[in-house]
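**Q** Chain residues, written in single-letter form:
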Amino acid sequence: MKILIKGGRIVDPASGRDEIGDVFVSDGKISGTKEKTDRTIDAKGLVVAPGLIDLSARLREPGYEYKATLESEMDAAVAGGVTSLACPPDTDPPLDEPGLVDMLRRRAKALARARVYPIGALTVKLAGERLTEMAELAEAGCVAFSQANAPLADTQVLWRAMQYAATFGFPVWMRAEDPCLARGGVAHDGEVATRLGLPGIPAFAETIALGSLLQLVRATGSRVHVCRLSTALAVEMIRAAKKEGLPVSCDVGIHHVHLSEMDLGYYDSHCRLEPPLRSQRDREALAAGLADGTIDCAVSDHTPVDEDQKQLPFAEAEPGASGLELLLPLVLKWGAARKLPLATSLARVTSDPARILGVQSGRIEPGAPADLVLFDPGQHWRVVLEALKSQGKNTPFLGYELAGRVRATLVAGSVVYEA
Amino acid sequence: MPRSFPHNPQLNANGELQHLLSIEGLPREILIQILDTAESFAGVTEREVKKVPLLRGKSVFNLFFEASTRTRTTFEIAAKRLSADVINLNVAVSSQSKGESLLDTVANLSAMQADVFVVRHGSSGAPYLIARHVKPHEHVINAGDGRHAHPTQGLLDLFTIRHYKKDFARLTVAIVGDVLHSRVARSLIHGLTTLGAPEVRVIGPQTLLPARVETLGVRVFHDVRAGLKDCDVVVMLRLQNERMNGALLPSAQEFFKHYGLTADKLALAKPDAIVMHPGPMNRGVEIDSSVADGPHSVILPQVTFGIAVRMAVMSIVAGN
Numbered sequence: 001m002k003i004l005i006k007g008g009r010i011v012d013p014a015s016g017r018d019e020i021g022d023v024f025v026s027d028g029k030i031s032g033t034k035e036k037t038d039r040t041i042d043a044k045g046l047v048v049a050p051g052l053i054d055l056s057a058r059l060r061e062p063g064y065e066y067k068a069t070l071e072s073e074m075d076a077a078v079a080g081g082v083t084s085l086a087c088p089p090d091t092d093p094p095l096d097e098p099g100l101v102d103m104l105r106r107r108a109k110a111l112a113r114a115r116v117y118p119i120g121a122l123t124v125k126l127a128g129e130r131l132t133e134m135a136e137l138a139e140a141g142c143v144a145f146s147q148a149n150a151p152l153a154d155t156q157v158l159w160r161a162m163q164y165a166a167t168f169g170f171p172v173w174m175r176a177e178d179p180c181l182a183r184g185g186v187a188h189d190g191e192v193a194t195r196l197g198l199p200g201i202p203a204f205a206e207t208i209a210l211g212s213l214l215q216l217v218r219a220t221g222s223r224v225h226v227c228r229l230s231t232a233l234a235v236e237m238i239r240a241a242k243k244e245g246l247p248v249s250c251d252v253g254i255h256h257v258h259l260s261e262m263d264l265g266y267y268d269s270h271c272r273l274e275p276p277l278r279s280q281r282d283r284e285a286l287a288a289g290l291a292d293g294t295i296d297c298a299v300s301d302h303t304p305v306d307e308d309q310k311q312l313p314f315a316e317a318e319p320g321a322s323g324l325e326l327l328l329p330l331v332l333k334w335g336a337a338r339k340l341p342l343a344t345s346l347a348r349v350t351s352d353p354a355r356i357l358g359v360q361s362g363r364i365e366p367g368a369p370a371d372l373v374l375f376d377p378g379q380h381w382r383v384v385l386e387a388l389k390s391q392g393k394n395t396p397f398l399g400y401e402l403a404g405r406v407r408a409t410l411v412a413g414s415v416v417y418e419a
Numbered sequence: 001m002p003r004s005f006p007h008n009p010q011l012n013a014n015g016e017l018q019h020l021l022s023i024e025g026l027p028r029e030i031l032i033q034i035l036d037t038a039e040s041f042a043g044v045t046e047r048e049v050k051k052v053p054l055l056r057g058k059s060v061f062n063l064f065f066e067a068s069t070r071t072r073t074t075f076e077i078a079a080k081r082l083s084a085d086v087i088n089l090n091v092a093v094s095s096q097s098k099g100e101s102l103l104d105t106v107a108n109l110s111a112m113q114a115d116v117f118v119v120r121h122g123s124s125g126a127p128y129l130i131a132r133h134v135k136p137h138e139h140v141i142n143a144g145d146g147r148h149a150h151p152t153q154g155l156l157d158l159f160t161i162r163h164y165k166k167d168f169a170r171l172t173v174a175i176v177g178d179v180l181h182s183r184v185a186r187s188l189i190h191g192l193t194t195l196g197a198p199e200v201r202v203i204g205p206q207t208l209l210p211a212r213v214e215t216l217g218v219r220v221f222h223d224v225r226a227g228l229k230d231c232d233v234v235v236m237l238r239l240q241n242e243r244m245n246g247a248l249l250p251s252a253q254e255f256f257k258h259y260g261l262t263a264d265k266l267a268l269a270k271p272d273a274i275v276m277h278p279g280p281m282n283r284g285v286e287i288d289s290s291v292a293d294g295p296h297s298v299i300l301p302q303v304t305f306g307i308a309v310r311m312a313v314m315s316i317v318a319g320n
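One line per chain: the protein sequences are U and F, in this order. Counting from 1, position 265 in the first sequence corresponds to residue 265 in our numbering; the numbering is continuous, with no gaps. Counting from 1, position 122 in the second sequence corresponds to residue 122 in our numbering; the numbering is continuous, with no gaps.
With the rest of the complex left out, here is chain F:
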């Protein structure tokens, strides 16, 4: 039965960014706006006084239903540099264990006058549920939901690529490893296809690629050497410990041998290729230390850019 596709819940009536839930469905103009805004904030983070007053008087609630140190910290730093008040809630060990429902938790926090919710949840789609129930002046930023999306990570990856490669129009980007469970991969793929990268490849064994992944607009490679050939950007994905031995993979060693990024495999990419990783890295599993710390690696700059990108996202949604 033909159903009218529901209104994109991320945009307000004027087509502006109300929530950031996923890169999928965002128009190119909004992505560019975020990247350009982040560019302007990159300077702030290098100043002696690293603060701007854009979110003064606003409250940002970091609502993490799933443990995370790095992402939570970068959101906290970004909010503080915008002069917002930041409240960190480690919900994974408080209300949820007392049986409070997700929406009750959000309603309670909303009663404490929140302006921005930064949400991480283990279940795909949870930020959509929250966004449907918050008040019109409240904004939801997805900081990672299940396997679905991690849009600020995707945006900082795009920012990094643009920083080093300037233009998306001629790029070949390879995303290597556990795409099946990766919200980072999904967000980056949507970002790259929206910004016009002509070739996005995913590389991995069949067990780590989701069904019909080609419908996301990517080329599929199982042979890492063929897939890395002439790439401009190589994005390595984290392989979770619990997935290293079982029905998906026999061992971390075998994975490293076939898919781990080593200097000799990287040599197949373009000479000026950059290597990215969303962190935290498993050295010797998906990436060799000599590559992670080598001249092609932009893994640490990614972290720095992440703060500017999150400042951009928060200032844009809170300003709309």
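Excised from the complex, chain U in its bound form:
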């Protein structure tokens, strides 16, 4: 299948290119030459960009099919312009053995929508005690190893896991959170938690754990990607670590770029997230760190939760927000608020995560995989239940009007979504 995408505004963050033009797709790849095409897509008025790469999206399979299925979430991904996603290992059972990873990849491949990159469990059952067979898991397709949101209280195990991963050159993806300091907490330990009477998670639960992680990076040489920063001080620490030359990268959940503890309102359980929404100062530092590149990328941290688990008192509600379909409009909103060039804001969800994953996609150049999104940056749409394909309707943005609507998504040169 050869496709001509005609007359769109081509934005390629990797090269900084931003111009009106045509894109040719041939044999699943971007083609450099004009060929006779089978199909022409009129992209006039649309942005043509690399498909989004989301470094954290829960598909809920295996084990939590009542919350979401691979099929529903892959539909949501491509409807949101996400063409590649990394899924954390906190499934049931966790992704701690090759058979599970293999099955997930096969099922995802059979659906032929977004590309799925499984992240393997760092420890068996994510229990934080024994290392998984990382080499076997990597062979089955795991691109990195992580504890997801499961605690790893034993720093000795973390140290050994990082040494072992470094031996094979496997990246370790960790959230920085001291499980003892976070124990029992459900909201940022600050003004709002005090007012609402919610047990708090102090900001230093993150920075203390991040300090340990960075020391262990120095000790082991392990390549570490720090997931879901939530505090201003953590952004500072990453900035210094990068300046020092440590092999670290990091991401932020897109919700944390826009929301703060203030948004908990009267116990809005859709704002119950991990890590918790923090102060407005923290949010500002995250938004600024993402703009200057200290924070490498923005992720949806997509977590479908069924409504029954959200219709509970705040502390009892299951944490997480649905986000695959909101990642693009929320990145555009952040970029517009900071007056960033479109190529810069899109880089945080395309070329930057591609670099962290070590994949060829995330760019528009001859020979690169034809993973593309066509979107109308000016089209406003209201976030309502019916507008979301994900089975998880749990979003704090319900009722909001956002700009940026995906019109078509291509993966490996095939149109997998059109609206």
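Treat the hints loosely; a few may be bogus.
In the DSS-like style, the derived pairs of lysine-lysine whose C-alpha atoms are separated by at most 27 Å in a straight line are [as the list claims (entries may be wrong)]:
1. Lys229(F) x Lys393(U)
2. Lys229(F) x Lys270(F)
3. Lys135(F) x Lys310(U)
Derived from the structure by calculation, the hints contain no laboratory data.
Got chain U; can you put chain F on it based on the hints?
**A** Coordinates of chain F only, in the frame set by chain U:
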């Protein structure tokens, strides 16, 4: 991202009290209305026939997800004195243990034609969830949710203070002890700041004060003697048994020595200071018996006023 703060769920479209969920966010006029109404009911509780027909034909459901004898009883008495039918549900040991969800329990009771739900729950915010799901003619009264609020207790504390001190405008009030876990403290602080008490102090070790507590509009003291100096009102908080030895406090004895209210510490307050306690008291932990039973103590009158205040709240919400 700027979000429009959601409409105050306690007030109806006319700005009247629809539910009582928290003292925070209530206008001064409504607080005064409740206190004045309670004043008028105080007489009723002293009559031989202690009943008024205001809630005749109405059903009040006492929905206690957390065990409580005293608060439940005072709500029951208050409802009965208003001539309402009272149904007590000890949900902690019935539906919840069978796995029924909070909202299903409420929906079932609502189907039995409730007018007022009096709710106590161990989780902060639970009454807000219930208030969002009840029918327009049903009212929710928070009888204590987690660490968040205990507004009728806060109101009876305000009533007590007004009864003895007349005016809030010149008062210094100290709240002593476990503020971190206290819904009573949070409710009283909001009430006092709304009614214009110029100085509200919280006194306790760092481990028992919540993060950024000063943002509630209080002065923070760790030294109890400095904090009690020249106070008009001293409110002692209950220290739960399970918090007496562990990471928060080494022992009840050490707590008593440093923060327990004794006659010599109370002597630092104004000579006519009153001493309050929401009960149940731990004698010898947060308060010495000689103070609890002494001339400054208004702890038992608080309980009596509690009935009038709860009558006032129920009659006002059910009348709106």
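**Q** Need the list of violated hint numbers for this structure, in ascending order.
**A** The structure breaks only hint 1.
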